[in-house]
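Undergrad: Modelling step: build the complete structure from the supplied sequences, incorporating the hints.
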Amino acid sequence: MKKIFTIVFLLALITLTTFATFAQETSTDEAGSVRDNVQKKVEEARTIPFAYIGSVTDIAEETIQVNKYIFGTTKEDAGEIQQISVDEENTVFIKITKTTTTVKLSDLAIGDFIIAMGYKNGNSVLEGKRILITTSVEPTTRKAVFGEPSEIAKKSLTLTASTGKEWTVEFGTKWEGPELSEIDEGDKIMIVGTTEGNTLDARFLHIITPEEAKEE
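In the working numbering, the protein residues as written are 141 to 356.
FYI, nobody ran anything at the bench for these hints, they're computed from the structure. By construction, the Cβ of each residue, glycine as well, lies at the ideal position given by its N, Cα and C atoms. Be a bit skeptical, because a hint or two may be false.
[What the hints assert, rightly or not] Derived DSS-like pairs: lysine-lysine, alpha-carbon spacing no greater than 30 Å straight-line:
| id | residue 1 | residue 2 |
| --- | --- | --- |
| 1 | Lys294 | Lys314 |
| 2 | Lys244 | Lys283 |
| 3 | Lys208 | Lys238 |
| 4 | Lys260 | Lys294 |
| 5 | Lys235 | Lys294 |
| 6 | Lys305 | Lys283 |
| 7 | Lys244 | Lys260 |
| 8 | Lys283 | Lys328 |
| 9 | Lys305 | Lys260 |
| 10 | Lys328 | Lys238 |
| 11 | Lys208 | Lys294 |
| 12 | Lys260 | Lys328 |
| 13 | Lys305 | Lys244 |
[What the hints assert, rightly or not] Label pairs and their computed distance ranges (CB to CB):
| id | residue 1 | residue 2 | range |
| --- | --- | --- | --- |
| 14 | Ser302 | Glu201 | 28 to 34 Å |
| 15 | Ser246 | Glu291 | 39 to 45 Å |
| 16 | Thr275 | Ile199 | 17 to 23 Å |
| 17 | Val265 | Thr308 | 22 to 28 Å |
| 18 | Glu229 | Glu291 | 24 to 30 Å |
| 19 | Thr237 | Ala200 | 23 to 29 Å |
| 20 | Ile221 | Ser290 | 33 to 39 Å |
| 21 | Ser302 | Asn230 | 25 to 31 Å |
TA: Here's what the structure looks like:
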């Protein structure tokens with residue numbers, strides 16, 4: 141009887157040990173899977189272009205801080221603070237007035253209104269590749285869309301956004317930026333305008349050529 145009890149005890153001990161080991165391995169596998177998924181999301185975010193739009197509130201050696209512009213609100217409705225990391229050698233600064241001029245970080249001032257384009261890191265800091273210094277847009281329902289143009293006509297084009305959504309972009313009698321005839325095959329563009337359904341009424345146009353994209 142004692143011998144049988146000993147055998148049963150040993151079998152139970154082996155079973156518990158095996159279960160504990162399996163549970164530990166499962167827990168470790170699950171933790172690893174979660175970690176891998178988080179890392180995958182971060183890496184995916186780093187391949188999708190973003191734009192931070194707002195007024196500059198602080199400028200450091202390698203960081204610009206902006207007060208996020210919220211479309212459709214008044215100036216009293218302050219947006220969240222967003223950070224943009226910059227690199228003098230790899231970040232392009234462009235000032236847009238009646239003409240377009242390449243400038244430096246030192247030409248940027250507190251209060252300037254900017255459109256910063258780049259990729260977000262895991263801390264939601266935008267790694268700035270191109271900074272457009274322009275005039276502030278008035279409170280409205282405007283939206284900024286980045287993507288590839290096609291079916292370019294005299295006053296309209298089709299824009300496939302980086303998200304995959306397709307927009308019909310219409311240009312009125314006046315907008316800020318180059319003419320549609322200056323868009324070449326392979327260029328990517330950024331449009332700012334008011335939206336209605338899948339139609340975007342353009343107010344601002346910026347072209348990024350393949351050569352410029354490679355530099356970024």
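Undergrad: For every hint, state whether the structure bears it out.
TA: Comparing the hints with the structure gives:
1. Lys294 <-> Lys314: 13 Å, holds
2. Lys244 <-> Lys283: 27 Å, holds
3. Lys208 <-> Lys238: 25 Å, holds
4. Lys260 <-> Lys294: 35 Å, violated
5. Lys235 <-> Lys294: Satisfied, since the Cα-Cα distance of roughly 26 Å is no more than 30 Å.
6. Lys305 <-> Lys283: 14 Å, holds
7. Lys244 <-> Lys260: 22 Å, holds
8. Lys283 <-> Lys328: 17 Å, holds
9. Lys305 <-> Lys260: 20 Å, holds
10. Lys328 <-> Lys238: 22 Å, holds
11. Lys208 <-> Lys294: 33 Å, violated
12. Lys260 <-> Lys328: The given pair, whose Cα atoms are some 19 Å apart, holds under the 30 Å limit.
13. Lys305 <-> Lys244: Violated, at about 34 Å.
14. Ser302 <-> Glu201: 28 to 34 Å: 30 Å, holds
15. Ser246 <-> Glu291: 39 to 45 Å: 41 Å, holds
16. Thr275 <-> Ile199: 17 to 23 Å: 19 Å, holds
17. Val265 <-> Thr308: 22 to 28 Å: 33 Å, violated
18. Glu229 <-> Glu291: 24 to 30 Å: Violated, since glutamate 229 and glutamate 291 (Cβ atoms, about 37 Å apart) do not stay within the stated range.
19. Thr237 <-> Ala200: 23 to 29 Å: 26 Å Cβ-Cβ, so the 23 to 29 Å window holds.
20. Ile221 <-> Ser290: 33 to 39 Å: Because 37 Å falls inside the window, the suggested range holds.
21. Ser302 <-> Asn230: 25 to 31 Å: Cβ of serine 302 to Cβ of asparagine 230: about 20 Å, so the range 25 to 31 Å is violated.
Of the numbered hints stated above, those contradicted by the structure are hints 4, 11, 13, 17, 18 and 21, listed in ascending order.
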